[in-house]
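Chemist: Sequence:
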Amino acid sequence: RKRMSAIVRDEEGQILLLCKGADSIIFERLSKKGKDYLGSTTKHLNEYGEAGLRTLALGYRKLDETEYSAWNSEFHKAK
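Under the numbering used here, the residues of the sequence shown are numbered 2 to 80, in order.
Careful: at least some of the hints might be erroneous.
[As the list claims (entries may be wrong)] Okay, derived cross-link-like pairs now, SDA-like style, lysine to any residue, Cα gap no bigger than 25 Å in a straight line:
#1 LYS63 with TYR38
#2 LYS33 with GLY53
#3 LYS36 with LEU57
#4 LYS34 with LEU17
#5 LYS21 with ARG55
#6 LYS63 with ALA23
#7 LYS34 with LEU19
#8 LYS36 with ALA23
#9 LYS63 with ILE26
#10 LYS78 with ARG55
#11 LYS21 with LYS34
It is worth saying that the hints were derived from the structure and are not from the lab.
Working from the sequences, and respecting the hints, build out all of it.
Modeler: In structure tokens:
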């Protein structure tokens, strides 16, 4: 896989699913709102690539307690 995810709880108690990875993989998973920035982000990534820099994209999704609890239950069953 070309991505990695982590679930964290911020200072305000909000649960976030953070996902980092190759831009092409992260772009496939963007919401409609996230795709609003696709053009400008791609432009910047291309500029960085032309300068010989490596790039990494980061995306996030807010999870509610119910969604997190369901995931956590499945995670512990898999252990």
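Chemist: Hint by hint, note whether the structure agrees.
Modeler: Verification of the hints:
1. LYS63 with TYR38: Distance ~19 Å between LYS63 and TYR38 Cα, so the pair holds.
2. LYS33 with GLY53: violated, 30 Å
3. LYS36 with LEU57: With a Cα-Cα distance of about 17 Å, the restraint between LYS36 and LEU57 holds, given a limit of 25 Å.
4. LYS34 with LEU17: Measuring from Cα to Cα gives roughly 17 Å; hence the hint holds.
5. LYS21 with ARG55: Within the cut-off at roughly 13 Å; holds.
6. LYS63 with ALA23: holds, 21 Å
7. LYS34 with LEU19: OK: LYS34 and LEU19 at ~17 Å, within 25 Å.
8. LYS36 with ALA23: holds, 16 Å
9. LYS63 with ILE26: Cα-Cα ~19 Å, so holds.
10. LYS78 with ARG55: Given pair LYS78, ARG55 is violated - Cα atoms ~37 Å apart, limit 25 Å.
11. LYS21 with LYS34: Cα-Cα ~18 Å, so holds.
In the structure shown, a violation is registered for the earlier hints numbered 2 and 10, in ascending order.
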